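A.B. asks: Respectively, the protein sequence lines represent chains A and B. Residue numbers are given in my numbering: position 120 of the first sequence equals residue 120, and the series is strictly consecutive. Residue numbers are given in my numbering: position 155 of the second sequence equals residue 155, and the series is strictly consecutive.
What the hints contain is simulated information worked out from the structure, not anything from laboratory work. There's no promise every hint is true.
Since the list gives no way to pick one copy over another, a pair counts as held whenever it fits inside one copy or between any two copies.
Restricting the straight-line Cα-Cα distance to at most 20 Å, the calculated cross-link-like pairs of lysine to aspartate or glutamate (EDC-like) are [stated by the list, open to error]:
1. K209 - E103
2. K110 - E78
3. K204 - E27
4. K211 - D184
These figures come from a predicted structure and were not determined experimentally.
2 protein chains.
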Amino acid sequence: MPAELYLIPVTLGDSPVSHVIPGFPLEIINKLEHFVVEDLRSARRYLRKAGYKALFDDTEFYLLNEHSKDEELGEIIEVLAGGNSMGILSEAGVPAVADPGAELVALAHKRGIRVIPLVGPSSILMALMGSGMNGQSFCFHGYLPVKNPQRQNRIRQIERVALESSQTQIFMETPYRNNSLLEDILGCCREDTLLCVAADISLKTEFIKTKAVREWKKDIPNLHKRPAVFLLNRM
Amino acid sequence: MPAELYLIPVTLGDSPVSHVIPGFPLEIINKLEHFVVEDLRSARRYLRKAGYKALFDDTEFYLLNEHSKDEELGEIIEVLAGGNSMGILSEAGVPAVADPGAELVALAHKRGIRVIPLVGPSSILMALMGSGMNGQSFCFHGYLPVKNPQRQNRIRQIERVALESSQTQIFMETPYRNNSLLEDILGCCREDTLLCVAADISLKTEFIKTKAVREWKKDIPNLHKRPAVFLLNRM
Chain A
1 MPAELYLIPV
11 TLGDSPVSHV
21 IPGFPLEIIN
31 KLEHFVVEDL
41 RSARRYLRKA
51 GYKALFDDTE
61 FYLLNEHSKD
71 EELGEIIEVL
81 AGGNSMGILS
91 EAGVPAVADP
101 GAELVALAHK
111 RGIRVIPLVG
121 PSSILMALMG
131 SGMNGQSFCF
141 HGYLPVKNPQ
151 RQNRIRQIER
161 VALESSQTQI
171 FMETPYRNNS
181 LLEDILGCCR
191 EDTLLCVAAD
201 ISLKTEFIKT
211 KAVREWKKDI
221 PNLHKRPAVF
231 LLNRM
Chain B
1 MPAELYLIPV
11 TLGDSPVSHV
21 IPGFPLEIIN
31 KLEHFVVEDL
41 RSARRYLRKA
51 GYKALFDDTE
61 FYLLNEHSKD
71 EELGEIIEVL
81 AGGNSMGILS
91 EAGVPAVADP
101 GAELVALAHK
111 RGIRVIPLVG
121 PSSILMALMG
131 SGMNGQSFCF
141 HGYLPVKNPQ
151 RQNRIRQIER
161 VALESSQTQI
171 FMETPYRNNS
181 LLEDILGCCR
191 EDTLLCVAAD
201 ISLKTEFIKT
211 KAVREWKKDI
221 PNLHKRPAVF
231 LLNRM
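Using the sequences and the hints given, assemble the complete structure.
C.D. replies: And the structure:
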């Protein structure tokens with residue numbers, strides 16, 4: 001059998017595995033001895049929670065994160081090309097979408113190695129589903145600039161696209177900056193622009209609400225350290 | 001308990017339920033007596049396949065598709081507002097993303113009804129994961145115009161954004177038009193633009209490949225009647 005690269009989903013925070021991960025990814029995990037991970041400790045913890053049975057002494061882990069160099073990526077692809085199937089997983093959600101992994105997948109395509117995406121939770125997709133906003137046309141912008149006036153300018157620019165085209169605009173922020181991002185959104189956007197805030201997706205504390213900026217200003221939620229996705233569109 | 005609106009995932013074609021649907025959505029299905037569906041017959045077939053146990057005589061189904069009128073939507077929301085939890089499902093994949101459902105979700109937000117997205121397969125998300133293209137910034141355009149020169153112009157416009165910004169551009173077509181869309185992509189785009197074709201996602205015949213337009217021209221796959229997603233980016 002030629003080697004395959006599996007894109008393995010991970011729970012978003014502390015939700016039970018069966019809430020968000022189908023049986024097939026759990027079967028696949030138990031067939032693999034090679035994993036590409038963002039962080040060794042949390043990857044091992046997740047694999048155990050997901051029912052991985054093998055001894056970790058017999059398992060090879062390869063680190064891949066924002067500090068990884070091209071040569072490390074090159075070493076990983078050689079292991080794959082040498083006939084060893086691999087799973088890649090990030091800290092939460094699905095790899096390669098707003099998370100590391102895409103470069104390894106791209107290299108796999110170049111080497112003719114089959115890539116197999118598996119189903120699991122994506123905060124971006126679930127936020128979009130739950131927002132009630134246009135799901136026929138949408139755009140994800142990743143993280144906005146941290147500083148102002150750059151961030152405020154970017155929010156205004158993104159809002160303009162939403163108002164002109166009705167295309168849903170999606171972005172996020174590292175959780176400890178969510179409150180300041182929300183403050184900028186409410187400060188910059190028009191009173192009748194629709195904002196969806198989707199926080200703690202798939203967790204017990206899940207919070208998904210869509211209303212006009214004017215309405216949000218009356219009751220501002222505390223999003224500090226809660227993973228969140230923000231979506232804008234017109235009424 | 002106040003009523004809740006669940007966004008219920010459906011398999012993409014004939015794949016086994018356990019491949020792509022976690023346990024939690026299957027539990028939820030069995031607690032519901034009200035379903036909003038695109039097509040009655042296929043919704044019933046899927047619910048049985050997913051382990052729905054109740055008699056259909058005791059279950060209420062509400063049709064919601066492109067022919068639905070505002071008053072029908074209004075009737076559905078009154079059932080929810082009356083305290084009846086509901087599940088909404090489309091023909092395949094997750095509702096409200098490139099499928100009906102968003103309008104009902106938007107109405108639920110207006111009425112203060114909690115909306116709960118559940119995890120399942122999305123061909124758009126899985127295509128993006130499997131493409132190896134930029135997953136930090138991407139845009140989904142839905143269906144392109146059917147006729148030319150409109151379609152070719154739109155492809156050129158979409159390619160321009162990809163080349164200028166490195167933002168992954170995603171679009172799709174009804175399966176029986178896939179071959180003619182692929183022909184237009186290969187005819188319009190630059191030789192070194194990257195194209196990912198992702199067809200039959202999560203099925204046995206799954207086909208996900210990313211290569212330059214120049215390479216695709218040497219070996220054009222037959223996509224007739226195979227559900228597919230197309231992605232463009234620069235090298």
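A.B. asks: Look at each hint and say if it fits the structure.
C.D. replies: Hints versus structure:
no.: 1; hint: K209 - E103; result: between (34 Å within a copy, 14 Å between copies)
no.: 2; hint: K110 - E78; result: within (12 Å within a copy, 53 Å between copies)
no.: 3; hint: K204 - E27; result: between (26 Å within a copy, 16 Å between copies)
no.: 4; hint: K211 - D184; result: within (16 Å within a copy, 40 Å between copies)
When the structure is compared with the earlier hints, no violation turns up for any of them.
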